[in-house]
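Student: Build the full structure now, drawing on both the sequences and the hints.
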Amino acid sequence: MANKNWPSIAILGSVGVPARYGGFETLADNLVRFHADTNRSEDLSVYCSSPTCPDQPERFGNATLRYSQFRANGAASVLYDATTLRDAIRRGVDVALLLGVSGAIALPALARRGTRIVTHVDGLEWQRGKWSGPARAFLHWSERLAVRHSDAVIADSPAIATHLMQEYGVKADVITYGGDHATQVPTPPSPAPADLPEGYALALCRIEPENNAHMILEAFAEVAAPLVFVGNWDNNPYGRALRARFGHLPHIRLLDPIYAPGPLFVLRHGATAYIHGHSAGGTNPALVEMMHIGHPILAFDCVFNRQTTQDQALFFTDRDSLVAALQGPLELQDGDGLREFARQHYTWAKVGTQYFDLLNKVASRGP
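Our numbering numbers the first residue of the sequence shown as 1130 and each following residue consecutively.
There's no promise every hint is true.
To be verified - Label-pair ranges, simulated between beta-carbon atoms:
#1 G1262 with D1430: 22 to 30 Å
#2 A1264 with P1458: 42 to 50 Å
#3 N1361 with D1184: 18 to 26 Å
#4 A1321 with D1280: 45 to 53 Å
#5 K1490 with E1187: 27 to 35 Å
#6 P1315 with A1264: 36 to 44 Å
#7 E1351 with G1262: 32 to 40 Å
#8 A1373 with A1240: 50 to 58 Å
#9 A1323 with A1373: 17 to 25 Å
#10 L1384 with D1280: 40 to 48 Å
#11 P1315 with Q1198: 29 to 37 Å
Claimed, not checked - Dumping the calculated DSS-like pairs for lysine-lysine here, alpha-carbon to alpha-carbon at most 27 Å:
#12 K1479 with K1300
#13 K1490 with K1300
#14 K1490 with K1479
These are calculated hints, taken from the structure and not from any lab test.
Glycine included, C-beta positions come from ideal geometry on N, C-alpha and C.
Tutor: See below:
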């Protein structure tokens, strides 16, 4: 093993660090930052996808970065996860933290040589409407393999943990996400995107049917309320159709993805409310981040969003209920309560401690 006193830990399954993409990348990024900021002694490494990390730095914080030729998303994610997991085992890491279940197909076949596996199962990926029948079946099977062949399983919400217990009889460790990085003032300050409508509400997500982008746009088109909506509009026919249908409206701005912390900080803090249309996926990082800002939140009514906000958001189920909420007095909604709950439960100090406590506990079990 790499270190007799402290375990070696590899983080796999994200696009890489520093974060440029989404939830798993932000998680990996902040675990590395927490590790460095708290002077932890674990030997930490992170696997990254070289096609999306062209500069390929060797270090980030105190973590060693290792690169794979495969992409971390889409069908290639299976090869990405499986090959990086095999490499981590070959290097003799004590614990591999696998973010997502794409590579679980390799778990039964790998001779682990003492490496322990901790899997974050993500948000019931196989239930997402964007997948075809065969893809859903594969992802469901991958979830089953991950749960069966992991030494510990992480769920990011109580609802996911309940599912894992009911379907597999496995008790998962519930660890959510931090969101306090969204409140950090960028240096140097960033300008806001041009021509933002005054008093805008903000929506921010991948443009997919399960995130109800169509519902949000239809409601805002009806009430003529200002909206800034950030997403990957050109990534699929659904997004392109919505951009063609609503992009010309003067009170609606449809922006392409923004990952840089500075512009995101300006957009979030300049909004008057946040609209969250996600209907699947456990605890959503974007929702947690916006809770830290303290704006009123209107969220799609599902168990994940209710658990995340502790029922302190306003909820909608369709276009009409969202229209009704937008026509009401949003200023009466308690954004301060959401912010206080986030400060208590969704910080990277808390999440980082939970992760490294679990990873060290699993490592201490030995080979």
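Student: Holds or violated: 40 to 48 Å for the Cβ distance of L1384 and D1280?
Tutor: 42 Å, holds
Student: Given a hinted range of 36 to 44 Å, is it respected by the beta-carbon distance of P1315 and A1264?
Tutor: 38 Å, holds
Student: Does the Cβ pair A1264, P1458 satisfy 42 to 50 Å?
Tutor: Holds: the Cβ-Cβ distance is about 43 Å, inside 42 to 50 Å.
Student: Taking the beta carbons of A1321 and D1280, is their distance inside 45 to 53 Å?
Tutor: 46 Å, holds
Student: Given the proposed pairing of K1479 with K1300, does the C-alpha separation stay at or below 27 Å?
Tutor: This hinted pair holds, its Cα atoms lying about 21 Å apart.
Student: For E1351 and G1262, compare the CB-CB distance with the range 32 to 40 Å and indicate the outcome.
Tutor: For G1262 against E1351, whose Cβ atoms are near 34 Å apart, the range 32 to 40 Å holds.
Student: Checking one constraint from the list: CA of K1490 to CA of K1300, max 27 Å. Satisfied?
Tutor: Answer holds: K1490 to K1300 is near 15 Å, not above 27 Å.
Student: Is 50 to 58 Å right for how far apart the beta carbons of A1373 and A1240 are?
Tutor: This hint holds: roughly 52 Å between Cβ atoms.
Student: Check the hint pairing K1490 with K1479 against an upper bound of 27 Å on the C-alpha distance.
Tutor: Status holds; Cα separation ~16 Å.
Student: 17 to 25 Å was suggested as the range; check whether the CB atoms of A1323 and A1373 agree with it.
Tutor: Since A1323 and A1373 have Cβ atoms about 22 Å apart, the given range 17 to 25 Å holds.
Student: Quick check: does the Cβ-Cβ distance between N1361 and D1184 fall within 18 to 26 Å?
Tutor: Roughly 23 Å apart at Cβ, these two residues keep to the hinted range, so it holds.
Student: Verify the CB-CB distance for K1490 and E1187 against the hinted window 27 to 35 Å.
Tutor: 29 Å, holds
Hint compliance for this structure: no hint is broken.
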